[in-house]
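Number of protein chains: 2
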Amino acid sequence: MEFIKKPMDIETRSMEIIAPHLAGMGLDEKAVKVYSRIIHAAGDVEYAPLIRMSDDAIDKAMASLRSGCDIYTDVEMVRTGINKRKLASFGGQVHCLIADPSVAETAKKQGITRSMAAMRQFGRSLDGSIIAIGNAPTALFEVLRLVEEEGIRPSCIVGIPVGFVGAADSKQALAENGRIPYITVKGTKGGSPIAAAAVNAMMYLINNDRG
Amino acid sequence: MEFIKKPMDIETRSMEIIAPHLAGMGLDEKAVKVYSRIIHAAGDVEYAPLIRMSDDAIDKAMASLRSGCDIYTDVEMVRTGINKRKLASFGGQVHCLIADPSVAETAKKQGITRSMAAMRQFGRSLDGSIIAIGNAPTALFEVLRLVEEEGIRPSCIVGIPVGFVGAADSKQALAENGRIPYITVKGTKGGSPIAAAAVNAMMYLINNDRG
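Going down the list, the sequences are from chains D and E.
The opening residue of the first sequence carries number 1 in the UniProt record's numbering; numbering runs sequentially from there.
The opening residue of the second sequence carries number 1 in the UniProt record's numbering; numbering runs sequentially from there.
Since the hints were made in silico from the structure, they are not lab data.
Any given hint could turn out to be false.
[What the hints assert, rightly or not] Incomplete in silico selection of chain E near chain D, CB under 7 Å:
| hint | residue |
| --- | --- |
| 1 | Ile4 |
| 2 | Met8 |
| 3 | Val162 |
| 4 | Tyr204 |
[Said to hold, decoys possible] Pair ranges (Cβ atoms, derived):
| hint | chain 1 | residue 1 | chain 2 | residue 2 | range |
| --- | --- | --- | --- | --- | --- |
| 5 | D | Lys186 | E | Arg52 | 41 to 47 Å |
| 6 | D | Gly68 | E | Arg153 | 35 to 41 Å |
| 7 | D | Glu105 | E | Ser89 | 44 to 50 Å |
| 8 | D | Ala19 | E | Lys108 | 25 to 31 Å |
| 9 | E | Gly178 | D | Gly68 | 25 to 31 Å |
| 10 | E | Lys108 | D | Pro101 | 47 to 53 Å |
| 11 | E | Glu105 | D | Ser89 | 17 to 23 Å |
| 12 | D | Gln93 | E | Arg85 | 41 to 47 Å |
| 13 | D | Glu176 | E | Gly178 | 37 to 43 Å |
| 14 | E | Lys6 | D | Gln93 | 37 to 43 Å |
| 15 | D | Lys108 | E | Ala19 | 26 to 32 Å |
| 16 | D | Glu46 | E | Met25 | 19 to 25 Å |
| 17 | D | Tyr204 | E | Asp169 | 24 to 30 Å |
Just so it is clear, CB atoms sit at the ideal spot from N, CA and C, and this is done for glycine as well.
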């Protein structure tokens, strides 16, 4: 069987295939990179018209990443998908509490999801961070409550939970939050690789800046 | 904000929303569960007409899982997404070599992807196993070569790599392999949560059998 086997060739060819689907959308160069990595991660060009971000999202996230901010995720799959070596090169770490026993206990006691309890437990450590949500709408709703009611100020929220119960609503609430820079995807589609791809794209942009 | 916060309620409601999209497809009860979890993981009902599986795939995979078979994945995100506690309850483990230094060395030396080198290194331990591929078309092509040229006989291949370079071709080759039971998704869409969801669905079916 003949097929492309070299990682760099695969990536280059993939970005070439995606490019025409972004033409005419008026995206700047940085946004094109973030859109492309999201579409690449989903294998789905129909993400192009669904991606939503605030004008300042990429610049704010890049500035925070560059200065060594940490990333907080709702689930382990997002943590796994984030390029931790690259993040460490800026001085940052990824945190996830979904598997923490005390979080499980809180969730059970309060009848809420574990990822929601995890976000609540992060609390003020979310200030200045990037939050990456790829699975749980409840985690995103909780983050928005922390912003609104408890004055938490993350640098950027990459909120791309997936599914048919709450995901679309939570993402719409994120897009309308009016305070915190955000990247999201309209509707039910999303997931951990999508959230991780958006974060990784911004880290790779920093590298390009340096190069 | 009002939203459903109880994990079981979210899951039940989600499956109710997906059900009408599978009506009239002639799926048996087990296939409905696998389809539903895939669609749930992607937040995308357009997966319904794209899912392909051999008639024996679910039964073969369930029999192997029940008897304690191991699962081999192309990338860490698939490993992360698989319910390892459930798998351990049957006696199985998940293996992934993508981060193995010797695999990285082989890949570099031979100019192939790491996930392809990882599959090659698994070799005969793939016999009787379930292979779950959620990222790399090259890994799936390599598995099909191992089957064809080296007589490897996994119990079932869940091959759902994602992307625009090789993914659709590799999945079509899987669907036409004629030897090994398979579950896949036609076209460019797929990903780690999708592959993990298919595997998890089959483990949960075994639990239901026992319940």
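Structure-based check of all given hints:
no. : hint                             : in the structure
1   : Ile4                             : holds, 6 Å
2   : Met8                             : violated, 10 Å
3   : Val162                           : holds, 4 Å
4   : Tyr204                           : violated, 17 Å
5   : D/Lys186 to E/Arg52: 41 to 47 Å  : violated, 28 Å
6   : D/Gly68 to E/Arg153: 35 to 41 Å  : violated, 49 Å
7   : D/Glu105 to E/Ser89: 44 to 50 Å  : violated, 22 Å
8   : D/Ala19 to E/Lys108: 25 to 31 Å  : holds, 28 Å
9   : E/Gly178 to D/Gly68: 25 to 31 Å  : violated, 53 Å
10  : E/Lys108 to D/Pro101: 47 to 53 Å : violated, 40 Å
11  : E/Glu105 to D/Ser89: 17 to 23 Å  : holds, 22 Å
12  : D/Gln93 to E/Arg85: 41 to 47 Å   : violated, 26 Å
13  : D/Glu176 to E/Gly178: 37 to 43 Å : violated, 52 Å
14  : E/Lys6 to D/Gln93: 37 to 43 Å    : violated, 31 Å
15  : D/Lys108 to E/Ala19: 26 to 32 Å  : holds, 28 Å
16  : D/Glu46 to E/Met25: 19 to 25 Å   : holds, 22 Å
17  : D/Tyr204 to E/Asp169: 24 to 30 Å : holds, 27 Å
Checked against the numbered hints given earlier, this structure breaks hints 2, 4, 5, 6, 7, 9, 10, 12, 13, 14; the rest are met.
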